[in-house]
Amino acid sequence: MVTGLIGRTAGRLLVPFIFIFGFYIVAHGHLSPGGGFQGGAVIATGVALVLVCYYYRECMEHFIEAKNFKLIESAGLILFICTALAGLVLASGFFFNWLNASGGLFGNAVEYGANVGDLFTAGIIPVLNFAVGIEVFGGLSVVLLYMFAGLKETTKEEDDAEPHNFAQTEELP
Amino acid sequence: MARCSVPPKLAIFLIIAVTLILLLPAFGLSFGHPLASGTDQYYIDHSQEQTGSNNVVTAIVFDFRGFDTLGEATVLFIAVLGVAMFFRRTH
Amino acid sequence: MNADVLLANLPALLIAVPLFGAFMTPVFGRFLPKIRDAWVILASFAASAVALLLAAQVYAKGAVVYVFGAAPGTGAVPVDSGGIPIRILFNIDGFGAFMLVSAAIVSFAVILYLTVSQSRRSSRSEFYALYLLLVAGVFGMVSTGDMFNFFVFLEINSLAASALIAYHRNGGLAAEGALKYLIVNTVGGLMILFAIGLLYAQYNSLNMAVIASSLSLTTLNLLALVLFIAGLATKAGAVPFHFATPDAYSVAPSGVTALMIVASQAGLYGMFRILFSVYGGVFTSATVGWIVIVLGVLSMFIGVTMAIPQKDIKRLLSYHAVSQTGYMLLGVGVALAVLGDVTLTNAFGQMAMEGGLFHIINHAMYKGLLFLAVGAVIYRTGVWNLNEMGGLGHKMKWTMIFFLIGALAIAGIPPFNGFASKLMIYESTFAFNPAIAIIAMVVSILTLASFMKVFHSVFMGPELPEYAGVREVPKRMLAGMAILAVFVIAFGLVPDLVVDTLITPAADALLHQGQYILSVLGGGL
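Keeping their order, the protein sequence lines are chains A, B and C.
Going by our numbering, the first residue of the first sequence is number 4, and it counts up by one from there.
Going by our numbering, the first residue of the second sequence is number 66, and it counts up by one from there.
Going by our numbering, the first residue of the third sequence is number 1174, and it counts up by one from there.
Some hints here could point you the wrong way.
To be verified - These stretches of chain B come out as covered by chain C in the derived footprint (C-beta under 8 Å, 3 or more residues):
hint, stretch
1, 80 to 91
2, 96 to 102
3, 105 to 115
4, 131 to 144
These are calculated hints, taken from the structure and not from any lab test.
Yeah, the Cβ is synthetic: ideal placement off N, Cα and C, and Gly gets one too.
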């Protein structure tokens, strides 16, 4: 399905902001309300906007296909379980927070009580947030794409050939 | 297509009655002053030092009870796989 | 990373291995499709191996308690928490290990069967991934010691099973069965969630041992118990909650139905765990035991009487599955009714419990074998109506032998395993209440009659011309059936050995609630 020129332009402008906002929600899960599930759903609305604004067949030429998003979804979950298994490999225990206060990637220590909030704290929690965010984004996009695939669409030539009379409306009985 | 054998008004009455029967004893619980709060207090006191995150909810969801989050992510995966399998095209 | 680390963390691997296999299966299906089947069989083999190793560890050393995410060196109870466990833990005692053995054997036999019988269909990557997730759900449901974790695995179980049921899509029939199964199981799951919420609000803990140690029998807890029994009986397919079971089992692929028997028995595991280990010591009368006995008797009787007039062969087998669930409920219900009385428990309560538990694994084996054999017949002929079949024993000899083994086992004929467990149930219920034992024996006779009819109409008789081209099924499918048949025969030939090794630890673990609480709260590491 396609919207008019205004819809397409506005959609093109809004999609990067939606992605950045969703990414912000995912990344700050351990500092403010949010996290993986919520942020992933917001990112998926960006894909929904693209699907609404452009023809489904046109989207398929530009990477927005169900099989690509299935791969994204699997990648998110594999990242999740590999992070959990890394705790096992490092002789700690399955699902242990092995990055917390260790000086590594997300390993700064947190002072007790209310504080400003450092992004690089909390160990594996941001990593898990990213993994869940990627997974939810991929999963919801797959569902959207499968639902859209069932719609009957007009083609671009048919739409351009038929004049849109927005001024004239029929008289209601 | 089978016709419903229960008239709609009776069905609505039964649903409301069962809901009330289930909810009424729940009002016997004391809201706001729980009888036991050992686990909750432990989470509030120790989440910053043990998990390093300011957000206690995220600490519970992803660290103290992170295994349930793996289970819920798996449930989402199952739902998406089910949709993909059910709407497949057999060319 | 050496073998010690792996052996110490087996409960984590129990869930991580099938989950990892399931997450990688779509990736293999897209990029390396030739080795996808091998990957699925390898993942299922690894998962079953971990389950059997863990069960052996439990039988050798006692209950295994594993805490997820604890710092190395700390146990289930942190030192500064005031004596309550904080994190999620797995508590695998004799009963859990027993269910793991049953699930491991059936899941591996079925994946051997499924990789051949579904080889002509599309979208198999998702199918195999869902299968591995169902296996992970069953493993998790029978190992966990935490209430909400149990609910999460119950959700995984129900959702994966209903997605698998809808695989064949034959004109909407499978979709209807899957939808019914999904709705009924979701309602059951929500009832269980409400009950968990009631218990959490009162005791502020989601750990089964902590709730068990502080439980008393108030109105709210009785309401929670009723909701638990109703929700878990829905999962297990007991009457009067069995309405989704025949529709769902008859339209699913046959291997999937064989695994769903195990999945529904995980619901029975949940019910017995709640009744004995969480609510065990607070019952003052035999009322709850009698409720379970009544559920059992109703299931036995209604299941077999609905099975006799069926023409659809898989629907007939599903009603028999409902009927056999009644035997398990009957045995364990008798044990629950005499739980407070030590002399009666020693006289026949322990034997009733052991009979009911032995019937769980026997039923998984012979009902799985029956479903696989019937699936083999449908795979070759394409019909599932009894009136249209006949004379298949000439061409499909091995399938006929496997079906005969399964049919004799379900009817309770020695030397197959059904006889051993049914004998224990008969003896103990006769000592409890003779009328119930007589009903059980009548149901067994009706089961035998029903299966003689099925065997005769499918395999006996002259060869029909429309089935002239039918051959035997491929070898891998026969291998899967053979694994189950070996266990059916072996458990029937040496029942005493099986009861002593597998069943008595399970019955003891259920009957002694104090041991369950002690292994978690007493500083279990």
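- request: With a C-beta cutoff of 8 Å, work out whether three or more residues of the stretch 131 to 144 of chain B approach chain C closely enough for the coverage to hold.
  value: holds (count 11)
task: Verify the coverage statement for the stretch 96 to 102 of chain B against chain C, using a C-beta to C-beta distance below 8 Å and requiring 3 or more qualifying residues.
output: holds (count 4)
query: Holds or violated: the stretch 80 to 91 of chain B covered by chain C, criterion of 3 or more residues with Cβ-Cβ distance under 8 Å?
result: holds (count 3)
message: How does the stretch 105 to 115 of chain B fare against chain C when you require at least three residues with a CB closer than 8 Å, holds or violated?
response: holds (count 4)
The earlier numbered hints are all upheld by this structure, with none contradicted.
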